[in-house]
Amino acid sequence: GAGVSQSPSNKVTEKGKDVELRCDPISGHTALYWYRQRLGQGLEFLIYFQGNSAPDKSGLPSDRFSAERTGESVSTLTIQRTQQEDSAVYLCASSLASATYNEQFFGPGTRLTVL
Amino acid sequence: AQSVTQLDSHVSVSEGTPVLLRCNYSSSYSPSLFWYVQHPNKGLQLLLKYTSAATLVKGINGFEAEFKKSETSFHLTKPSAHMSDAAEYFCVVNTPNTDKLIFGTGTRLQVFP
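Going down the list, the protein sequences come from chains A and B.
For the first sequence, the residue numbers in our numbering are 166 to 280.
For the second sequence, the residue numbers in our numbering are 10 to 122.
Treat the hints as calculated values from the structure; they're not laboratory data.
There could be a bad hint or two in this list.
Said to hold, decoys possible - Derived BS3-like pairs (lysine-lysine); straight-line CA-CA distance at most 25 Å:
no., chain 1, residue 1, chain 2, residue 2
1, B, Lys78, B, Lys109
2, B, Lys109, A, Lys222
3, B, Lys58, B, Lys77
4, B, Lys51, A, Lys176
5, B, Lys58, B, Lys109
6, B, Lys77, B, Lys67
Said to hold, decoys possible - Stretch-level coverage of chain A by chain B, calculated; a stretch enters the list once three of its residues show a Cβ under 8 Å from a Cβ in chain B:
no., region
7, 206 to 213
8, 271 to 280
The beta carbon of each residue, even a glycine, is placed where N, CA and C say it ideally should be.
Throw the hints in and build the complete structure from the sequences for me.
Following this line, the structure appears as structure tokens:
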């Protein structure tokens, strides 16, 4: 079946512009995660959803970052007034129920470049 | 607070020799631990996981890891490296009562012919 998909695969934007990143999880996966991976670094947790609710938003770097999920399916990560330090690969993952006991399946990522 | 420390940012081995990627964890609870692999230009993939069952966990592609509570370690090993094992490896720990996972900073494995 289809895996996790993300769009766009690449996004180049100017500083100060807003961007919206999309994640389509595997059908039936109730848990959805967003991570950020800066060049040469590990994954930084941003937010996760159980269904359409986000129990943990502690990883969002600032109030310029927001995310939503609808229909227990698609999720969008929005970055307002982008800054150069936002440049990174943004990864989405989904899992059946709890990721503590179930494998996370990762999408290919969106590479964001802020000029 | 939960955390993982990957002790080596880079490991280089010759093809056919053993692989050891080190990971130490910190957790105030009995943790769940994972190893994920990221091949160049490919998505992250689960190698193996420990969730309080057997302490020696076998994963895909001949990798295994042993949970050692006394040493707070979860090192990843493979008896004989293959060129296709060259990738970035991440040690991961869960946080109790949530589904948040904490990733280590990664170890880049290079395999030389």
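> Is B/Lys58 close enough to B/Lys109, meaning Cα to Cα at most 25 Å?
Replying inline: Given that 25 Å is the threshold and the Cα spacing comes to 15 Å, the pair holds.
> For the pair supplied as a hint, B/Lys58 and B/Lys77, is the alpha-carbon distance within the 25 Å limit?
Replying inline: It holds: about 14 Å lies between the C-alpha atoms, which stays within 25 Å.
> Hey, B/Lys77 versus B/Lys67, does the alpha-carbon distance stay inside 25 Å?
Replying inline: 15 Å, holds
> For the region 206 to 213 of chain A, do at least 3 residues have a Cβ located nearer than 8 Å to some Cβ of chain B?
Replying inline: Coverage by chain B holds for the region 206 to 213 of chain A (6 residues, Cβ < 8 Å).
>> Just to be careful, I want the Cα atoms of B/Lys109 and A/Lys222 compared with a cutoff of 25 Å; is the pair within it?
In response: Cα-Cα ~10 Å, so holds.
> For the region 271 to 280 of chain A, do at least 3 residues have a Cβ located nearer than 8 Å to some Cβ of chain B?
Replying inline: Since three or more residues must qualify, the claim that chain B covers the region 271 to 280 of chain A holds, with 4 doing so at under 8 Å.
> Can the restraint linking B/Lys51 and A/Lys176 be considered satisfied, given a maximum Cα separation of 25 Å?
Replying inline: 18 Å, holds
> Is the hinted pair B/Lys78 and B/Lys109 satisfied, with a Cα-Cα distance of at most 25 Å?
Replying inline: 21 Å, holds
When the structure is compared with the earlier hints, no violation turns up for any of them.
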